[in-house]
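Let's have the full structure, built from the sequences with the hints guiding it.
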Amino acid sequence: MRIVAIDLGDKRTGIALGDRITMIASPVACIEVPITENGGQRLIDAIVKEIRGLIGTDRAEVLLGLPINMDGTESPRSKSARAFGQRIAEALGLDVVLVDERRTSVAADARMAQTGLTHKQKKLRRDAIAASAILQVYLDSPETAIDTIQCNP
Numbered sequence: 006m007r008i009v010a011i012d013l014g015d016k017r018t019g020i021a022l023g024d025r026i027t028m029i030a031s032p033v034a035c036i037e038v039p040i041t042e043n044g045g046q047r048l049i050d051a052i053v054k055e056i057r058g059l060i061g062t063d064r065a066e067v068l069l070g071l072p073i074n075m076d077g078t079e080s081p082r083s084k085s086a087r088a089f090g091q092r093i094a095e096a097l098g099l100d101v102v103l104v105d106e107r108r109t110s111v112a113a114d115a116r117m118a119q120t121g122l123t124h125k126q127k128k129l130r131r132d133a134i135a136a137s138a139i140l141q142v143y144l145d146s147p148e149t150a151i152d153t154i155q156c157n158p
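Note that the working numbering has the sequence shown beginning at 6, numbered continuously upward.
In case anyone wonders, no lab produced these hints; they're calculated from the structure.
Just so we're clear, the structure is a prediction, and the values are computed from it rather than from any experiment.
Each hint can be trusted.
Under the rule of at most 30 Å between Cα atoms (straight-line distance), these lysine-lysine pairs were calculated in the DSSO-like manner:
| id | residue 1 | residue 2 |
| --- | --- | --- |
| 1 | Lys125 | Lys16 |
| 2 | Lys128 | Lys16 |
| 3 | Lys84 | Lys54 |
| 4 | Lys54 | Lys128 |
| 5 | Lys16 | Lys54 |
| 6 | Lys54 | Lys125 |
| 7 | Lys84 | Lys128 |
| 8 | Lys84 | Lys16 |
Take a look at the structure:
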């Protein structure tokens, strides 16, 4: 079964794809739609379109990075991500697994620092690479899953 990871951002949202057979996470897309546009619906539609383009009508495991404070507590952004995760679950008809995303953006930045990309190119790829970091952490340590949002069809 394929696994899709989402790194939700205010301006850009990253998407990554992987599976338990290869145990490799790959960045695949960066959706440049602000989370606030049209109450978030335009972003939901873009995420669903991207994921359906990757998996078709197949079942998949969907992960969403959950922003957690360094002390392990949840923040107001965590609450917002949970609400957005519920909307994604309903739109896809699939459960959404919330995964601790601490340090994934730092990992993405470190990974890109070794490339010859310009600042603009890095900015465009950062969220997709952060999504692949979320997915890779989950593949390596499934206990990073914090909660599952059930799809209510």
